[in-house]
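A.B. asks: Turn these sequences into a full structure, and let the hints steer you where they fit.
In the order they appear, the protein sequences are chains L and R.
For the record, in the first sequence the residue sitting at position 66 is 66 according to our numbering, with numbers rising by one throughout.
Offset between the second sequence (1-based) and our numbering: plus 111.
Simulated from the structure, these hints should not be mistaken for laboratory data.
Don't be surprised by glycine CBs; every beta carbon is placed ideally from N, CA and C.
Everything hinted at is true.
Partial chain R-side listing against chain L, Cβ under 10 Å, derived:
(1) 159
(2) 167
(3) 204
Straight-line Cα separation of at most 27 Å, DSSO-like style, residue types lysine-lysine; simulated pairs:
(4) L:9 / L:65
(5) L:9 / L:57
(6) R:122 / R:182
(7) R:122 / R:173
(8) R:122 / R:189
(9) R:155 / L:73
(10) L:65 / R:155
(11) L:73 / L:57
(12) L:15 / L:57
(13) R:155 / R:194
(14) L:9 / R:155
(15) L:22 / R:155
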Amino acid sequence: AQRVTQPEKLLSVFKGAPVELKCNYSYSGSPELFWYVQYSRQRLQLLLRHISRESIKGFTADLNKGETSFHLKKPFAQEEDSAMYYCALSGSQTGANNLFFGTGTRLTVIP
Amino acid sequence: EAGVAQSPRYKIIEKRQSVAFWCNPISGHATLYWYQQILGQGPKLLIQFQNNGVVDDSQLPKDRFSAERLKGVDSTLKIQPAKLEDSAVYLCASSLSIGDEQFFGPGTRLTVL
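C.D. replies: See below:
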């Protein structure tokens, strides 16, 4: 069965410091990995997906199949990055390529 | 373009009562999803529609939950009768088709007393 683990429920960093939100997964096969973000009083929205290999709002995430990880990184955190972040995966085993979410990490960037 | 619309935004009911939620997806989106998000957890898929057909309802507690998308556009999710553990945010999302980016609505926060 699939599993997405986000070990940190809460993460605080100072503005300008690097930030890394951890995500580990368990899946038999080749999943697609995503990061979703929910800013205060806003809707859940897609931040990035591993197949696009983009940098969005300065964030990047590399899929490491050996370590089964998909950590989200940003070299210099900004106050507007404070939000709830969810790692998710999809694949043929999640049923019609549905999303399977982790429990989320709340990031707070301290001014 | 307008995003996914949901109503009501908040609902408080007593256990054993019934409740219904409504979702209107983005125009032209064939796939519609209902998720349940319990406090402290990530969203969990309840049911997925492709047009007016059910693609996946394996996680839907069918003894008390039902959902329909009769005309392949808007959808309703019903709980009858509600239990305390049904307290959660119910999210609706839509996508152009299966596997495409999902766009989420604002959610309905249900409190069962």
